[in-house]
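Place chain B on chain A using the hints.
Chain by chain, the residues:
2 protein chains.
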Amino acid sequence: MDKLEVNYEDVPEDYQTLGGRGLTSTIVASEVPPDCHPLGPNNKIVLAPGIVTGTDAPSSGRISVGGKSPLTGGIKEANAGTSFSQMLGRLQIKAIVIQGQRKRVIPAHDYDALVRESVDEVKKVVKKEKLDAERVLRAERANKNRKSLVKWLENRIEGYYLLKITKDGAELLDASEWSEKGLYEAYDELHEEFGEKVGICGVGIAAEMLGANTGLCFNDLEGRSSRYAGRGGLGAVMASRGLKFIVVNDEGAPGVEIKDEEAFESGKKKLTDALQEHDVTKPGGALNSYGTDVLINIINEAHGLPQRNFSSGYDERSSKVSGEAKAEEIKKRGGTRPHPCHPGCIIQCSEIWVKPDGSDPVGVLEYESVWALGPNCGIYDLDTIGELNRACDDLGIDTIEAGNTIAVAMEGGLAEFGDGEKALELLEEIRKGTPTGRILVNGAEFTGKALGVARIPTVKGQALPAYEPRAIKGIGVTYATSPMGADHTSGYAIATEIMGVGGEADPLDTEKADLSRNLQYATAALDATGYCLFTAFAILDIPEGLEGIVETLNGVLGTDLTVDDVPTVGQQIIEIEREFNKAAGFTKEDDRLPEFMKMEELPPTNETFNVPDEELDKVHGPEEAPEEAPEEGLRPF
Amino acid sequence: MDKLEVNYEDVPEDYQTLGGRGLTSTIVASEVPPDCHPLGPNNKIVLAPGIVTGTDAPSSGRISVGGKSPLTGGIKEANAGTSFSQMLGRLQIKAIVIQGQRKRVIPAHDYDALVRESVDEVKKVVKKEKLDAERVLRAERANKNRKSLVKWLENRIEGYYLLKITKDGAELLDASEWSEKGLYEAYDELHEEFGEKVGICGVGIAAEMLGANTGLCFNDLEGRSSRYAGRGGLGAVMASRGLKFIVVNDEGAPGVEIKDEEAFESGKKKLTDALQEHDVTKPGGALNSYGTDVLINIINEAHGLPQRNFSSGYDERSSKVSGEAKAEEIKKRGGTRPHPCHPGCIIQCSEIWVKPDGSDPVGVLEYESVWALGPNCGIYDLDTIGELNRACDDLGIDTIEAGNTIAVAMEGGLAEFGDGEKALELLEEIRKGTPTGRILVNGAEFTGKALGVARIPTVKGQALPAYEPRAIKGIGVTYATSPMGADHTSGYAIATEIMGVGGEADPLDTEKADLSRNLQYATAALDATGYCLFTAFAILDIPEGLEGIVETLNGVLGTDLTVDDVPTVGQQIIEIEREFNKAAGFTKEDDRLPEFMKMEELPPTNETFNVPDEELDKVHGPEEAPEEAPEEGLRPF
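These protein sequence lines are chains A and B, in that order. UniProt numbering puts the first residue of the first sequence at 1, with every later residue one more than the last. UniProt numbering puts the first residue of the second sequence at 1, with every later residue one more than the last.
Hints listed in this document are in silico derivations from the structure and should not be mistaken for laboratory results. None of the values given here were measured: they were computed from a predicted structure. Using N, Cα and C, we set each Cβ at its ideal position, and we do this for glycine too.
Only some residues are given here: those of chain B computed to face chain A with a beta carbon under 10 Å:
(1) Thr436
(2) Arg455
(3) Thr587
Distance condition first, Cα-Cα at most 16 Å in a straight line; then the derived EDC-like pairs of lysine to aspartate or glutamate:
(4) Lys598(B) - Asp35(A)
(5) Lys582(B) - Glu589(A)
(6) Lys598(A) - Asp35(B)
(7) Lys181(B) - Glu428(B)
(8) Lys588(A) - Asp35(B)
(9) Lys588(B) - Glu579(A)
(10) Lys588(A) - Glu589(B)
(11) Lys164(A) - Glu189(A)
Take a look, some chain A residues computed to stay more than 12 Å from chain B by CB distance:
(12) Ile27
(13) Lys94
(14) Gly159
(15) Gly169
(16) His191
(17) Lys197
(18) Ile298
(19) Ala325
(20) Thr336
(21) Pro356
(22) Glu421
(23) Met499
(24) Asp514
(25) Leu561
(26) Thr605
Just chain A, with the same shape it has in the complex (with noise of 0.2 Å):
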């Protein structure tokens, strides 16, 4: 981005297994100073599709998004369903890295030197600089006044870019236009621009703001900007890099090569039947039925559905924004309901939600967002909390930490907990640019700490998302041991310890390093195929369903990988993150819950994050470290 080029590269010998997150992170961790300010020219946006994203095996349509996370301070793997992905898998591109930064011409600060200075010894730095001269031409006619033609200057060379692809190359081009409008209308033009079935990743406004929570959004199945790779703020990393939107249009793409068609056949159909059969998600299973929002009932009668700002793990009212609820309303109301998420998807748990009268698609509102939105704010209400969901997709922020940054807010006295009318006009904050708007848009963790509040849910500086770890330890421990911070999809304890899948284990129970650790490797490893999480039901219950990745993943590469390779896999993506992490000042310390969640207990079942730190420590304990040298096909992929 600083000399505005795009570039291709074939992909290097040691990268050809590679995919998604295995491939995200292996290329932050080499490419990215540890310790470089997430904001500052150093840090890079890496995209990847997964392995098998682009084929047709079911549900692969995922993308992974890595870079130097400025909410965290450590590496960052966020994930998105998208047919964006589908796309670049199709044109055979295994990544796009973002990379250098536009350079302001005049360094903000330089500002009171140069004024003082003549228009000359501007123009003499634009030259320098081999700025177009009829610009700086047009920049001198239209501004008398020294100081303007500075602020002008830097404007245009500050201005947004937008990163075409198609089969044919890559250009960068002009994006000011779009820059400070809402993503859903941004997503409407561009659309209209480039056509109806480009793949779209943007960054929104708050992007633009540079703020800790704003996420990479994807295009869905009817091309809104509604499905987010949403957290650790990757969002400001493309945008500080002066990149607003990647658009991306596969005609004539050549498709994914497929080196064994007869193991990526076998698989896929072994895949396909586990996925159909499992009671999870399966054709009018839960998933499928209700989609994500099926949890709401389930969490609450577990006492684990974190109520205003994690106070209580149960309301009553929870139930009014259920998934079976919200069902109901969709077929009445004339939304869609199952939907997926992208071409391709068998368990389709997607959906659109609109108002009452059937007007204003929002797309889907997942679990984490109706609670982050909802309960955790004192909110019981669907429409409002539909509202605040598209406000989110609108000004690119992640859900589930804008929800917990309101809940933080309504605790510091911003607005009473349930009051769903503050909360839109909070959001409203961010859009304006207000400066409570820029304390928002920073995040649970910074708003707490601008309100005084010491209740801050958050690890490593990201909020937690929809399970109470004092009620269910297992996805504490993830919360706390994963690279990514406080993140329920890097290591689903919840599927044990409440659906009984991959085995059972008693919520309460704090021996939960294992199961954490197995998890979390089981996931990194997913998450490298292009696969969506929620296989892992269907895979961790039926052997033949992970037999069927893993004959997909030796389909596309051509390698003799077997079941027993996943974990290791695993492993290796986690360690190569930790290893990042370590080497930008974390420790074992950063690997624990907030204070609070120790010291009080939480109604009904008045039980406190009692898990030892010695378990936490076993997790990625020394004991636990990866072989040296991995061998021949254990590489990440």
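Relative to chain A, chain B alone:
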């Protein structure tokens, strides 16, 4: 504070020889959990006069304040010169430990649950908490609305207290009437109520907002709120306990016990002679004539005076705010110069700055304050700086952090560099408690994050003082490696690098680990004695001076310390502090300067901070680890 109780304790055997920083850091390290939230119930504030403080040893009226810092997340010792400290010494109070937190009757997060309950329910809670029945009754009469009843009760419970200490004992009094008042006004009223001669320690409006840039304020010789243990946010820690002021009256105090009068008198004479002989500290010498601000011209000429948020090391306009210019103005206006910060100081570097007509005495404008609020913000006008300094003192914030915060805000676009009026308005935002104020009150790093500024001059979250580490490397080594965050007083390499005190060193030479380490040890030891840091100039050059200090310590303690013990004692204090930080999650990655200083060349020297990480790690490297089990007489003092 949770029980509103005051208890006296005998000094434990182990702590008999400790004082000042040696005592505060020892207590904090042994009683405060390193992983606690700085504003939560488990943090403590410890105040301790130095070992000789309260005697007539020259320039020995320092007080140390310790706790876990909300700014750095590590241990903090900040100190000030004030008669308050001497009064504690004369009352034979070795330390004040403020612990516990006023418990809220109803946690904020239970509002919405509670307001759905009956008044009876609220009364039950109140009864359970043993609150004053009459108060509850009054509350009920005054408030028809249940919600405001809850709020009213909470406010009463959260009200601020005042700790009054006399020779007859100590008690906690209601101090709510001084809440949300400026400190100049509050100190006037407190003197009216408790007497002209009392010593006062207090925290301001900014601390009530629980901002991370908030200091503990002590009275100057005229009783004004101008002497600060400013750095690291301990003001918010005190406010979050519920304590607003400590008022001490030493009438009838027994005085400091001196175990060996002969040693004490001999030491006092040697130190006095050294101070009166050395060019920096003697009557009519640099500090006495011009105060600390004498450094403006010296450091500017060395091209190490940071300008406009550390974007240059020199600006010819700096001389307008030099100590020489200021001394002349003070004389013209009828201010006071020289002036001691506490009775018995023979250096007398202080002063009383006034407006052009002689009104509105501010107190001293120190070099650090003048620089931070002046050149670092592009402001070169003493009257503007005086007003900014007065506002900081009145709000209860540290001037170094405040000046850096304003400069970062200017870089982030909240004001133009040089705009003094706007800078004053920004401080007023804090007074008003606006969202902008809530950002600014949390310091430079927080403000930079809110505004998306990547050039933030902080170490461990604490902003840099008035010396450019790219032009003067040794002070950069201290900034990076001090357990306190960026702190010039922890190891004042400027003495050697610029002033030729304690030897000579080329400012651009990068081998500065030994210099910084030796100075950090010497300083930590000195901070335990109660002597002003400025005695260091004399004792570094005149061996009898250091002998004198050690003899006065032996005089008070009845020990037989020698000058060789001084670095060992200093090392032990530093190691206690570093152990705390390690347990709080600090690593060598925290012992680094900000990234931009390694990338950006500083005009006019065009130097980067090129001290290798290995040199930084040598300062407190493993080979420098403290002896196990310190021998008798070698404990920190």
